[in-house]
Amino acid sequence: MHYKLLAIGRGREIERCLEHLDWGPQLSRQSDQKELAAQYLLGTLSEEETAQMEERYFSDNAEFEEVEIAEEELIDRYVRGELSDADNARFESTLALSPRLTERVRFARVWKDRLTASPSPPVNDSVIQPRELEKIRISWWSKLFGISGEQRSPRLAFALSLLLLLLGGVALLTGWLRLREESRRLTSQQAALEQRQRELDKQAADLRAQSEEIANKVPPQPSPIETPSVAKPDEEPKSGTSILALSLSPGGTRSLGGGSTIRMQPATTDVVFTLEVQDPDYSTYRAIILTPNNTSVFASTQLRLKRSPSGPTVTLRVPAKNLQAGDYSIRLDGRTASGTTETVGDYQFRVLR
Amino acid sequence: MSSADFHASLSPSNSATHEKAKWSLSKDAFEKLLNSFSTDREEAGAQYELIRRKLVRFFEWRALESADEHADETINRVARRIDEGQSIENLKGYFYGVARMVFMEALRDRERAPLSIDDAPQSLREKVLDEAEEPEARVLCLDKCLEALSPSNRGLILNYYQEERRAKIDLRQELADRLQIPLNALRIRAHRIRMSLEKCITNCLQSDAGAK
Chain A
1 MHYKLLAIGR GREIERCLEH LDWGPQLSRQ SDQKELAAQY LLGTLSEEET
51 AQMEERYFSD NAEFEEVEIA EEELIDRYVR GELSDADNAR FESTLALSPR
101 LTERVRFARV WKDRLTASPS PPVNDSVIQP RELEKIRISW WSKLFGISGE
151 QRSPRLAFAL SLLLLLLGGV ALLTGWLRLR EESRRLTSQQ AALEQRQREL
201 DKQAADLRAQ SEEIANKVPP QPSPIETPSV AKPDEEPKSG TSILALSLSP
251 GGTRSLGGGS TIRMQPATTD VVFTLEVQDP DYSTYRAIIL TPNNTSVFAS
301 TQLRLKRSPS GPTVTLRVPA KNLQAGDYSI RLDGRTASGT TETVGDYQFR
351 VLR
Chain B
1 MSSADFHASL SPSNSATHEK AKWSLSKDAF EKLLNSFSTD REEAGAQYEL
51 IRRKLVRFFE WRALESADEH ADETINRVAR RIDEGQSIEN LKGYFYGVAR
101 MVFMEALRDR ERAPLSIDDA PQSLREKVLD EAEEPEARVL CLDKCLEALS
151 PSNRGLILNY YQEERRAKID LRQELADRLQ IPLNALRIRA HRIRMSLEKC
201 ITNCLQSDAG AK
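In order, the protein sequences belong to chains A and B. In terms of our numbering, the first sequence opens at residue 1 and continues consecutively. In terms of our numbering, the second sequence opens at residue 1 and continues consecutively.
Pulled out of the complex, with its shape left as it was, chain B reads as follows:
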């Protein structure tokens, strides 16, 4: 796909609202999208999940509300091009390009309709409520999820995030030395454990809320 084609496909005439009205993601189109990631079904699924995560983060880090919706819109547009038979060499780069266009459109939409205090997004209201949130359930879930970790992972994460400033650096270096891995590898490992811990807590809180 040439650069001209790329920009043509993302021209203002193809606005998100307009495309949503004319085209929706069919099962067949989704299959084609997956195949464009990989012929291996599992690998394709994993890559799809990852690109979606990147898209959501992109819109969040660009301080745009409803990041999930924008991410899905981006995926739909790429899927449509693939469904129409367009050949895309650099799929990840193409996703990024489409995401930038969706972002620009969203920015324009936001400028046209500025937020009033009453239209504050749901997340902002949650943040206000956050101060009054009872953290007991979260603490209980944290304990449960820490227990669910393997002893080695639990030990690692508790040690990794312990201490302050200089002592923290020394402790992390000691941990890395003991594990015989570079400090950055330790950082990544701690991050992954933390992500799994946070996911566990989210599930735990949801199941608690469901039980109530």
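So here's chain A without its partners, still in its complex pose:
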């Protein structure tokens, strides 16, 4: 018996050695062992076979583990209802006496339900334990780009994604640097413009000051043609209106500024002519304003002679609207006491608008 056990023990070792060389034929032997272990657990082996089995697993830890696995598989078959009635009864008789086996059966039931309820995860590298991964020493580059191995496509996709990400990052960085440079340039330009603006403001202020200084030194000069509103005690000037004044001599002209031209402004309402009179012997005077083709545009009678230090004058006030741009003449007639009229002078002037 001892020789037989020894032979069985050595045979087991040989089987293990062969396991890594050619484990295809091993499957049938393995299946026999599994069956033998299952029969041992069910108590259907002869006493001699039982003792052999027990001696083996007491002396050989691997053999013991095989029986434990057989126990596990027997439990699973029991839970799945795959045992024959006789085996079922045998197993239950053992089960009834072992709290540990009862506990294992409870687990197996829950485990079976769990596996039925949830599908298994796909078979992939995740089932490889870290130790296995350590054995397969692949460079990180190969791992990343999957030059070899079965998971090429996902790795390649990952690598391409990573590459795109890197390129995108570089592009973003470049763009950001360019924007930062542009921003700096614009900031410096803005600072220069602000400086220039400050200088111009200063220059403008200086010029304004100079201008005011000059204005203060030089007395105000009246306009050669236009005078500010001439206010008379009996004629209140309208707000925003102006009256032009012009002195004329017979035959020639002499404006207040030394000219005979009137520049009408939009605000001008009236023009006051001061006509120098050389013959002051008439009781009243009549003035008629004529165009070059002798068309009368305005006439005023009952004009009275005024005597001033500079000589006798007749004043004629003409609405500005009567005088369009062009040349005019004023014919001044004197009326005698007998009622006859005589021309005492002609006065020339021009209107500009």
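Simulated from the structure, these hints should not be mistaken for laboratory data. In this text, a Cβ means the ideal position worked out from N, Cα and C, and glycines have one as well. Please note that the accuracy of each hint is not assured.
Stretch-level coverage of chain B by chain A, calculated; a stretch enters the list once three of its residues show a Cβ under 8 angstroms from a Cβ in chain A [as the list claims (entries may be wrong)]: (1) 63-73; (2) 83-95; (3) 135-145.
Pairs of lysine-lysine, DSS-like flavour, derived with a Cα cap of 30 angstroms [said to hold, decoys possible]: (4) A:K34 x B:K92; (5) B:K32 x B:K92; (6) B:K27 x B:K199; (7) A:K34 x A:K112; (8) B:K144 x B:K92; (9) B:K144 x A:K112; (10) B:K92 x A:K112; (11) A:K112 x B:K199; (12) B:K168 x B:K92; (13) B:K199 x A:K34; (14) A:K34 x B:K27; (15) A:K306 x A:K321; (16) B:K168 x B:K199; (17) B:K92 x B:K199.
Derived list of chain A stretches under chain B, where covered just means 3 residues or more per stretch with a C-beta under 8 angstroms from a C-beta of chain B [unchecked claim]: (18) 62-76; (19) 84-98.
Add chain B to chain A, keeping to what the hints say.
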């Protein structure tokens, strides 16, 4: 130790009851037992645990109740022989021999006092209660313990026990091919993961029961 000595030490006159009364495992005797396994303390402890597990399984698989007690009785008897200075060459074989004797004694005891229905062992009553057991706690513990496994181990065990019959065989072969290991190595690996899972669930249920 000769075969005659072996059988003499396990003779009927040295029944379990008789030995229990006269001898108990002292600390010193236990130290000697460990040393007989290995001079390396850790290795000795691991071997002690393993032999105890084998003994418990032996009595369970031989359909004997109170397997733990019989296993401890076996250990005590071996420890006593070592404590008394007996030299044992094949310690594992010696354990098996003593275990067989303890088994035979237990069988004789059982024949002398057959079980009545009222004396049904605790485990049998538990089995009856099993039908009414609320499995929710166990399911919750299973989920927790599965989560606690490493992704690789979780993937392996879920795949290994999946499918039925032919599909199962094909799937396991595929798994083994992928891991580049023989099918039997895969079987052992799945078994070890399952054992750790079951142990985790037992602890989880005990801690839940403790919390209540």
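Going through the hints against the structure:
no.: 1; hint: 63-73; result: holds (count 4)
no.: 2; hint: 83-95; result: holds (count 4)
no.: 3; hint: 135-145; result: holds (count 4)
no.: 4; hint: A:K34 x B:K92; result: holds, 23 angstroms
no.: 5; hint: B:K32 x B:K92; result: holds, 15 angstroms
no.: 6; hint: B:K27 x B:K199; result: holds, 29 angstroms
no.: 7; hint: A:K34 x A:K112; result: holds, 21 angstroms
no.: 8; hint: B:K144 x B:K92; result: violated, 38 angstroms
no.: 9; hint: B:K144 x A:K112; result: holds, 16 angstroms
no.: 10; hint: B:K92 x A:K112; result: violated, 36 angstroms
no.: 11; hint: A:K112 x B:K199; result: holds, 17 angstroms
no.: 12; hint: B:K168 x B:K92; result: violated, 37 angstroms
no.: 13; hint: B:K199 x A:K34; result: holds, 24 angstroms
no.: 14; hint: A:K34 x B:K27; result: violated, 40 angstroms
no.: 15; hint: A:K306 x A:K321; result: holds, 26 angstroms
no.: 16; hint: B:K168 x B:K199; result: holds, 25 angstroms
no.: 17; hint: B:K92 x B:K199; result: holds, 26 angstroms
no.: 18; hint: 62-76; result: holds (count 8)
no.: 19; hint: 84-98; result: holds (count 6)
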